[in-house]
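Asks: Given chain A, work out where chain B with the ligand should sit, using these hints.
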Amino acid sequence: MNSKEEILKRLAADGMPESPYPEMDFVPQRFEAREAVFAERLEAAGGRAVRMQPGETLDGVIRRCYPEARRIASTLPGVTLATVDPDAVEDPRELVDVDLGVVRGSFGVAENGAVWIAQDIRHKALYFGATALMIVIPQDALVDTMHEAVVRPEVDDFGYGCFMSGPSKTADIEQALVFGAHGPMSVTVVLRGEN
Amino acid sequence: MSTHSQSAKRFVADAERLAWHDRALYAVREKRDRMMATVPEWESLRRLSSELKLHTLSHLGDYLCEFERNATANGMTVHWASDAAELNETVWGLIRAHGGRRLVKSKSMLSEECGLTPYLEARGVEAVESDLGERIMQLLHLPPSHIVLPAIAVRREEVGALFERELGTEAGNSDPTYLTHAARRALRPKFLDADISMTGVNFAVASTGALAVCTNEGNADLGTSFADLHIAILGIEKVIPDMKALGVFTRLLARSGTGQAVTTYTSLYRRPAPGREIHVILVDNGRSEWLADARHRNMLKCLRCGACMNTCPVYRRSGGYSYSYFIPGPLGINLGMLRSAERHHGNVSACSLCYSCSGVCPAKIDLGEQIYEWRQQLDELGLADRTKKLMVKGMDFVMGGPPRFYGAIALGRVAGKLPRWMLENGLNPWSAPGRAMPPFAPRSFNAGWKKEERK
Ligand code: SF4
Chain A
258 MNSKEEILKR
268 LAADGMPESP
278 YPEMDFVPQR
288 FEAREAVFAE
298 RLEAAGGRAV
308 RMQPGETLDG
318 VIRRCYPEAR
328 RIASTLPGVT
338 LATVDPDAVE
348 DPRELVDVDL
358 GVVRGSFGVA
368 ENGAVWIAQD
378 IRHKALYFGA
388 TALMIVIPQD
398 ALVDTMHEAV
408 VRPEVDDFGY
418 GCFMSGPSKT
428 ADIEQALVFG
438 AHGPMSVTVV
448 LRGEN
Chain B
497 MSTHSQSAKR
507 FVADAERLAW
517 HDRALYAVRE
527 KRDRMMATVP
537 EWESLRRLSS
547 ELKLHTLSHL
557 GDYLCEFERN
567 ATANGMTVHW
577 ASDAAELNET
587 VWGLIRAHGG
597 RRLVKSKSML
607 SEECGLTPYL
617 EARGVEAVES
627 DLGERIMQLL
637 HLPPSHIVLP
647 AIAVRREEVG
657 ALFERELGTE
667 AGNSDPTYLT
677 HAARRALRPK
687 FLDADISMTG
697 VNFAVASTGA
707 LAVCTNEGNA
717 DLGTSFADLH
727 IAILGIEKVI
737 PDMKALGVFT
747 RLLARSGTGQ
757 AVTTYTSLYR
767 RPAPGREIHV
777 ILVDNGRSEW
787 LADARHRNML
797 KCLRCGACMN
807 TCPVYRRSGG
817 YSYSYFIPGP
827 LGINLGMLRS
837 AERHHGNVSA
847 CSLCYSCSGV
857 CPAKIDLGEQ
867 IYEWRQQLDE
877 LGLADRTKKL
887 MVKGMDFVMG
897 GPPRFYGAIA
907 LGRVAGKLPR
917 WMLENGLNPW
927 SAPGRAMPPF
937 APRSFNAGWK
947 KEERK
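Going down the list, the sequences are from chains A and B. Going by my numbering, 386 is the number at position 129 of the first sequence; the sequence numbering is gapless. Going by my numbering, 907 is the number at position 411 of the second sequence; the sequence numbering is gapless.
Hints were generated in silico from the structure; no laboratory data involved. All values derive from a computational prediction rather than experimental measurement. It is possible that some hints are incorrect.
To be verified - Below, computed lysine-lysine pairings styled on DSBU-like, alpha-carbon distance capped at 35 Å:
#1 B:Lys740 - B:Lys527
#2 B:Lys527 - B:Lys505
#3 A:Lys266 - B:Lys740
#4 A:Lys266 - B:Lys860
#5 B:Lys860 - A:Lys261
#6 B:Lys740 - A:Lys261
#7 B:Lys860 - B:Lys505
#8 B:Lys946 - B:Lys860
Here chain A stands alone, though its shape is the one from the complex (with noise of 0.2 Å):
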């Protein structure tokens, strides 16, 4: 018998009762200012949200949030002052320590200032090797709960994706938090409205 085989056959004996598949018996809270809870828990997170105005490019959201970025790393149409095609590079380590990451994301969750990624691009480096990422998704793409969040279509379908929520973050020296553990120092959601 293999190890498969063995294990199965002792869950088999394990003698538990039958429990059934719960039902959910209660409303998930609702956000009614849900663009203000989300922008508020990312901030909590590390992160900011920011709306593009009327009349305003991602190259303008660009230069208005990071107007140090030199190195930029983006797939996105619209955004003119890409200097890196993230698609068009081999290997996925000239990506690390780019200044900005542009990238798409799906909707965001108010609960927990997450945002769901489900991956687009060539390599998934990208999000975690740049040293800033701005997400920008559809201003009116927010739902309350993860309740919502999990069984979206957006996360139905993917091979690899990541809900995010604020920049990569430590607390493992004596609980002081300190941004850029690994991944980005600096992330920013762009709710980008009809311009």
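Replies: Positioned in the frame of chain A, the structure of chain B with the ligand alone reads:
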């Protein structure tokens, strides 16, 4: 004196460290409380999470097979390991087949449980811990003392001195930001040059065959971004039915553990990237037997959030190394007993039965009640403490009737006037090393009550 209080001696002797440890962890517990207050349905969520775990455990074989089917269809390879030795051998086999000696690891309590890192090191594989806390402990050659805050008992000056020695940071600089960024720079090449990446898994979703990995640092994701082989290891209890369940657990995990609304990264690995491989190893190592133990199977509901440690008054004041099992606190006391009651029963006395752990556990595990249960089981296991048994016999006699009880109290009051050395010695079963005799009240509660009534 219990083996736990023996081992706690060193930690307790450093009063300043103890006070800091106690305060720092309680602050995390308070953060958890503030997070809980932002979710009105908190208690319903805990109940749902507990029921989801129970349901899954009662169909564990089915869900494991469903996970295997879907993960395989997604292009992952699934392996099964009965015990620690088989996990280690499977990992070694994968490394040999793939080639390469450099492995970058994200945090996994399972690898500690199975002794994977020393096993690989003995075979010439460099397994670098990439979580900052874990890396500190690895460089210190010490095990983690907490399951989610591995370096919680290490002070900043100690990290400064360690990094000065190991990474060449400035002498005397113990600023956490400076040190963290020094570690970031030092670890970059370990990520970029790794041949293999290894991660633990927080949840394996059966219905989609996806792996959920939660970190704050992003170290797991950076690790899997370069190496073309990703080995993911998990205990069989980590499988969950579906995405709906993932929604419930991700609302609870970080709020309970570190007092964050969610971990920075909740990553879902579903299909390997083109040209890459993901190998998943499902590990039993005792779990299927623990599931057959009706009194203690609840332990397998654990999400590994760490809340029970943060809240435990004994853990906070005795530190992770005072327990004989590699997982400390209420969780570790229970898991240690399941692993080997003979080796780890000393830990069951590291509990004041305050049940605070049971109150915070996001899977509603009755941790405190189970520790009490283990104490009751010590006798049947032949592990009961003989002195304590004698004490209990004495108590039985004293409690045998009111005259004996009040007689004993009267004697106790006399005893209160005796010099301490006469009481606090090995001959007095009411006293124990490490414990001072409390002063007796001048009169019993009952006597006081009666006197008040007469007024
Ligand atoms: S037993 Fe409960 S509180 Fe403790 S680590 Fe596990 S889930 Fe968290």
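Asks: Now tell me if each hint is right for this structure.
Replies: Checked hints:
1. For the proposed pair B:Lys740 and B:Lys527, the alpha carbon gap of about 26 Å is at most 35 Å, so the pair holds.
2. Note on B:Lys527 and B:Lys505: the hinted pairing holds, with a Cα-Cα distance of about 29 Å set against a maximum of 35 Å.
3. Between the alpha carbons of A:Lys266 and B:Lys740 the distance comes to roughly 28 Å, so the proposed pair stays at or under 35 Å and holds.
4. Restraint check for A:Lys266 and B:Lys860: satisfied, since their Cα atoms lie roughly 28 Å apart, inside the 35 Å limit.
5. Note on B:Lys860 and A:Lys261: the hinted pairing holds, with a Cα-Cα distance of about 30 Å set against a maximum of 35 Å.
6. A C-alpha spacing of about 27 Å is found between B:Lys740 and A:Lys261, which places the hinted pair at or below 35 Å, so the restraint holds.
7. Taking the CA atoms of B:Lys860 and B:Lys505, the gap is near 32 Å; set against the 35 Å cutoff, the hint holds.
8. Of the pairs offered as hints, the one joining B:Lys946 and B:Lys860 is violated, with about 43 Å between alpha carbons and a cut-off of 35 Å exceeded.
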